[in-house]
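With the hints as a guide, dock the two chains, each given alone in a separate frame, to form the complex.
First to last, the sequence lines map onto chains A and B. Residue numbers for the first sequence follow UniProt numbering, beginning at 1 and rising by one. Residue numbers for the second sequence follow UniProt numbering, beginning at 1 and rising by one.
Hints are computed from structural coordinates only; laboratory data are not their basis. Any given hint could be a false lead.
What the hints assert, rightly or not - Heads up, simulated EDC-like pairs for lysine to aspartate or glutamate below, C-alpha to C-alpha not over 16 Å straight-line:
hint, chain 1, residue 1, chain 2, residue 2
1, A, K257, A, E270
2, B, K10, B, E74
3, B, K10, B, E78
4, B, K175, B, E139
5, B, K242, A, E264
6, B, K177, B, E78
7, A, K11, A, D67
8, B, K112, B, E157
9, B, K242, B, D217
10, B, K242, A, E267
11, B, K177, B, E45
12, B, K177, B, E8
13, A, K246, B, E157
14, B, K242, A, D261
15, B, K201, A, E265
16, A, K33, A, E203
17, B, K177, B, E208
18, A, K64, A, D87
19, B, K201, A, D224
20, B, K206, A, E270
21, B, K131, B, E120
22, A, K127, A, E146
23, B, K242, A, E265
24, A, K257, A, E281
25, B, K201, A, E267
26, B, K13, B, E78
27, A, K138, A, E151
Said to hold, decoys possible - The following residues of chain A were derived to be distant from chain B, with all beta-carbon distances above 12 Å:
hint, residue
28, Y13
29, M85
30, P145
31, H294
All residues carry an ideal CB built from backbone N, CA and C; glycine is no exception.
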Amino acid sequence: MEQVLEVKGLKTYFYTEDGVAKSVDGVDFTLSKGKTLGIVGESGCGKSVTSLSVMRLVSEPAGKIVDGEILFNGDNLLAKTEKEMRDIRGNRISMIFQEPMTSLNPVFTVGNQINEVLKLHQGMTTKEATLKSIEMLKLVGIPLPEKRVHEYPHQLSGGMRQRVMIAMALACNPALLIADEPTTALDVTIQAQILELMKDLKERLGTAIMLVTHDLGVVAEVADEVMVMYAGRVVEHGAVREIFAKPMHPYTQGLLKSIPDISEEVEFLETIEGLVPNIYEMPAGCSFAPRCKHAMDACRERQPALTYDGGHKVRCFLYGDASEGEVG
Amino acid sequence: MSKDVLVEIKNLKVHFPTGDSGLFGRSKQVVKAVDGLDFTIRKGETLGIVGESGCGKSTTGRAMLRLIEPTEGEVLFEGRDIMNLRKGDLRGLRREMQFIFQDPYASLDPRKNVASIIGEAFKAHEKMSAKERNERVQELLGLVGLRPEHVKRYPHEFSGGQRQRIGIARALALKPKFVVCDEPVSALDVSIQAQVVNLMKELQQKLELTYLFISHDLRVVKHISNRVGVMYLGAMVEIADKQDLYAAPRHPYTRALLSAIPSPNPEIRRERILLQGDVPSPVNPPSGCRFRTRCPEATERCAIEIPALKDVGDGHMVACHYR
Numbered sequence: 001m002e003q004v005l006e007v008k009g010l011k012t013y014f015y016t017e018d019g020v021a022k023s024v025d026g027v028d029f030t031l032s033k034g035k036t037l038g039i040v041g042e043s044g045c046g047k048s049v050t051s052l053s054v055m056r057l058v059s060e061p062a063g064k065i066v067d068g069e070i071l072f073n074g075d076n077l078l079a080k081t082e083k084e085m086r087d088i089r090g091n092r093i094s095m096i097f098q099e100p101m102t103s104l105n106p107v108f109t110v111g112n113q114i115n116e117v118l119k120l121h122q123g124m125t126t127k128e129a130t131l132k133s134i135e136m137l138k139l140v141g142i143p144l145p146e147k148r149v150h151e152y153p154h155q156l157s158g159g160m161r162q163r164v165m166i167a168m169a170l171a172c173n174p175a176l177l178i179a180d181e182p183t184t185a186l187d188v189t190i191q192a193q194i195l196e197l198m199k200d201l202k203e204r205l206g207t208a209i210m211l212v213t214h215d216l217g218v219v220a221e222v223a224d225e226v227m228v229m230y231a232g233r234v235v236e237h238g239a240v241r242e243i244f245a246k247p248m249h250p251y252t253q254g255l256l257k258s259i260p261d262i263s264e265e266v267e268f269l270e271t272i273e274g275l276v277p278n279i280y281e282m283p284a285g286c287s288f289a290p291r292c293k294h295a296m297d298a299c300r301e302r303q304p305a306l307t308y309d310g311g312h313k314v315r316c317f318l319y320g321d322a323s324e325g326e327v328g
Numbered sequence: 001m002s003k004d005v006l007v008e009i010k011n012l013k014v015h016f017p018t019g020d021s022g023l024f025g026r027s028k029q030v031v032k033a034v035d036g037l038d039f040t041i042r043k044g045e046t047l048g049i050v051g052e053s054g055c056g057k058s059t060t061g062r063a064m065l066r067l068i069e070p071t072e073g074e075v076l077f078e079g080r081d082i083m084n085l086r087k088g089d090l091r092g093l094r095r096e097m098q099f100i101f102q103d104p105y106a107s108l109d110p111r112k113n114v115a116s117i118i119g120e121a122f123k124a125h126e127k128m129s130a131k132e133r134n135e136r137v138q139e140l141l142g143l144v145g146l147r148p149e150h151v152k153r154y155p156h157e158f159s160g161g162q163r164q165r166i167g168i169a170r171a172l173a174l175k176p177k178f179v180v181c182d183e184p185v186s187a188l189d190v191s192i193q194a195q196v197v198n199l200m201k202e203l204q205q206k207l208e209l210t211y212l213f214i215s216h217d218l219r220v221v222k223h224i225s226n227r228v229g230v231m232y233l234g235a236m237v238e239i240a241d242k243q244d245l246y247a248a249p250r251h252p253y254t255r256a257l258l259s260a261i262p263s264p265n266p267e268i269r270r271e272r273i274l275l276q277g278d279v280p281s282p283v284n285p286p287s288g289c290r291f292r293t294r295c296p297e298a299t300e301r302c303a304i305e306i307p308a309l310k311d312v313g314d315g316h317m318v319a320c321h322y323r
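Chain B on its own, in the form it takes in the complex (with noise of 0.2 Å):
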């Protein structure tokens, strides 16, 4: 494993099974959420992942912080493999690996204030004493760009922005060196949106950060992230640097998804691949290649074998038999 690599995911499976077992239990049905994904993230950067609802993208983020735990496969962090964790250690490796998660509003304690919400990490993994405690939380509140009296308040008293701001405060508490951000801005206005985006950026630079960032906003990940995943039915079809990836887009599917961003400039008129009908069930995806169902370039062999994630040329991986 090459130096820079921080986390390495290899083989990830996340299969649930579903409440209809059959009349006496047989045939019991799995949805395959997250079905075999090979990624590496490298230390300093933001990767990020993008697909529509039910692609497994959040699954992958949770799954690789054993907040879900997988069914198969391996999460190297530091060339560790967290799978084989007992409960303590794996207690121990959260302070490294943090979460944000997308909503503002349901993910802070209400009962709590904000001096409880962002000190309870201190409780639990650090000896201190509650002065230092409170200094802390003061120093972690200033950073996040909230106020010192803020701290004695409750969530309800502040804004979407704001909350989600205590949110990255909580998880920064520890200084982790890799977080998973759930789309964490996807519940805000756009105003605020562009605030915390910059905010999570700075304190990238800052802190030396390594972020997932998993969003369905195609504008949001391009502007944030370094490289972009693109996941279709719980598999990865195309992970290449962003510049690559937005302009010369290989996988179909990519390619349909970033025609269908409506711009926000009239002037430009992208041509648009539409595509037909829905995302299949991932309780019985497609044989071969997932997407040939809806893919307008699909022959015979997409159905029959399944395309494997390859290079195509600097670091730019396409999961499609015709790139």
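For reference, chain A alone in the conformation it holds in the complex (with noise of 0.2 Å):
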């Protein structure tokens, strides 16, 4: 299968006041065409920086992509040039955000915006853009696209925006899409619309997505593989049908049970009790072990790694042996 996208022990800090925070510390996976891979996890786990990271977004001096690759087809995107990244961004690799009215432009049409992606990277003529944007609107089921092309952002619900912003961010039919928190800010029925929007798109035209997202039932709905962050690191990786019928990690296991379940009746939700650690201050060994319930003494010395367990991977020594991994 065509590889897209390959992350290659990617650490991304940020140096602060307080100290140095690694938002990411470690992260490997792959993504190949027409495929969707699903990263989840809490606030401050560091979802949205890895893919921050994948389109060179992390805002400097004070975040730093300290260490790793990430080869786009084959091509080290930390080794370009800040001119040859804005060829690639929005044209090869674009991103679609959570909040579509902040991320349009409150004072150019829809049309307008589009066109300037398409004017940018394929040098359309204005009016050539024009008619591409009114196909791409009609693409992602705007209704009258002819006329909505010439409206501005307001003048659009927010689950139009959001169509708005998907059509701009396949105007050039990217071979990568970063979608983070697509579906946060909109309403359930609306939510479903897109991402029914965003699993026919994938049909269509195969393009490789990254979803960001904290719920688990979005990614349920749409990814082809799962992968669950914890403090910075992937803690459990793999098919989105094992890590749900069988999640090996306690992090995995703890959310996916915190989900009031509709077709179920209990007193009281299992928890997963206490708190994130604090990005400063992060534990020794394994950094879920402070609220871990299987907690071991290796997990409080010993950092697992990420070990392959049929079918799935997950960084926990209740699958392996607790006398490897790294210290500290």
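Below, the structure is given as structure tokens:
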């Protein structure tokens, strides 16, 4: 299968007054053409920073990609100049964000904003670009695209704006689409519309999608593979069916159990006790150990490696030899 | 009125005038955020209210406590109509009716420490020495799972889940009977969400509280509520016992809404009812049934006649001509 993206040993740190925040601390994954990888985790786990790193949009000088490789179609993005990256962003790799209102420019029409991408990357004239924009709006299911193309963002509803964002992101037929919480700001019936659209477009255009979200339900609906992150590291990674049917890492198990199940009735929900550790004072050993029911002595001393265990990868001493793993 | 009813809402309306008042102040438009609600809340139960943005669920909660003045209607608390109370009497009533807000970042004063945030209620409502007040604050902190040393800290020193615990402690300070919870866990991460939901359930049992639980999260509402009401564009379209509502939704909107919940189990694929288009503007809602413009089953009658909320058996109420 054609590999679009390969991330190896990615480390993105932020240097702040309070110390060094290791937001992404050694992340590896690959993504193939036409596949969707869901990256899930709670606030501060590094999922968004991972996607920003792929786009090379980490805000410098505070943030810095300190180590690793990001291979896009075999080409290392970390070796590119800013000018080369500009040719890639919005063209070969594009991104949609959580908040469709703040990511569209309020003083330009929808058509104007989609045209910009097409003129810049494909050298189209305004006339050609407008025709293409209308075609894109039609593709994402916006009614009356000939009329909507001349409207401003405030004239559209939240769901429509997110469709416009998707139209813009897909205008140049990118090989990779990064969607960072694309439906979080939307209502559930509109979310269902957008998820259907993303599934349909993936099949028709063969775009590889990196879907960043905190909602395990959304991942279960659209992703082929899931990567669960905790405190800057991948704790579990595998096929979507595998992970939801047989979660192995205690954190993944806890996350799945904390969502109320609508087909079942329980008095109290299972919870993960405690809080995510302070990013400046990560515990030694496994970063989940202080909240883990199964924590052993080894977990507090050594960092378990991400090991392969029948079908999917997991970073936990419950599945492997606790004498291995790095100290610290 | 039956004995076990704590709150009764009759024909509640909240209309907001909009800024667009025409060139000479004529043709003033009105947003009908809540447009004629009737429901009751029983003692000790949790009534969940679900619906999408703009359906009027938060406005309903606020209007019931008169944090927003309703345009019309009655709110009976233990049989007393609170709409006619003067400010002074209302203040007394607020001891018994409290509110938990969505955003734990915005609803706590950043310049006050926990002792004064929670203790403020005692200052306003009860004559109490500083020592007594301090004891009560400590007691409340323990109740919501915070530690005694937290009393001197400021909101920024807490995580989102802990802040929401402070908000809950504040709401419970005066031992209210009824608490309106407006999206209390929506801003929290799932693992923290479960902790706070469990806490709220525990406190309800311990203190015999009655909740109105407003949320867009259909899973959380199912978990915490006894009965659930579904709102659409300012009106209640269905209200029933939660088992009933989730197992056998009757209104076409409820059906679509429930089918849209993404399932965290990829093996379970429910048939999804995809609604077309968006929610219409509450300035100019559709005639007849408000849902008819998106309803897959709408007929001519739906455009003419407003469906009444009627009992279809066992207290399951639906507002649809064809149920």
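Structure-based check of all given hints:
no.: 1; hint: K257(A) with E270(A); result: 6 Å, holds
no.: 2; hint: K10(B) with E74(B); result: 5 Å, holds
no.: 3; hint: K10(B) with E78(B); result: 14 Å, holds
no.: 4; hint: K175(B) with E139(B); result: 12 Å, holds
no.: 5; hint: K242(B) with E264(A); result: 12 Å, holds
no.: 6; hint: K177(B) with E78(B); result: 10 Å, holds
no.: 7; hint: K11(A) with D67(A); result: 5 Å, holds
no.: 8; hint: K112(B) with E157(B); result: 12 Å, holds
no.: 9; hint: K242(B) with D217(B); result: 14 Å, holds
no.: 10; hint: K242(B) with E267(A); result: 14 Å, holds
no.: 11; hint: K177(B) with E45(B); result: 11 Å, holds
no.: 12; hint: K177(B) with E8(B); result: 14 Å, holds
no.: 13; hint: K246(A) with E157(B); result: 37 Å, violated
no.: 14; hint: K242(B) with D261(A); result: 13 Å, holds
no.: 15; hint: K201(B) with E265(A); result: 14 Å, holds
no.: 16; hint: K33(A) with E203(A); result: 10 Å, holds
no.: 17; hint: K177(B) with E208(B); result: 7 Å, holds
no.: 18; hint: K64(A) with D87(A); result: 21 Å, violated
no.: 19; hint: K201(B) with D224(A); result: 36 Å, violated
no.: 20; hint: K206(B) with E270(A); result: 20 Å, violated
no.: 21; hint: K131(B) with E120(B); result: 14 Å, holds
no.: 22; hint: K127(A) with E146(A); result: 13 Å, holds
no.: 23; hint: K242(B) with E265(A); result: 11 Å, holds
no.: 24; hint: K257(A) with E281(A); result: 27 Å, violated
no.: 25; hint: K201(B) with E267(A); result: 9 Å, holds
no.: 26; hint: K13(B) with E78(B); result: 20 Å, violated
no.: 27; hint: K138(A) with E151(A); result: 15 Å, holds
no.: 28; hint: Y13; result: 22 Å, holds
no.: 29; hint: M85; result: 32 Å, holds
no.: 30; hint: P145; result: 15 Å, holds
no.: 31; hint: H294; result: 16 Å, holds
Of the hints listed earlier, those the structure fails to meet are numbers 13, 18, 19, 20, 24 and 26, in rising order.
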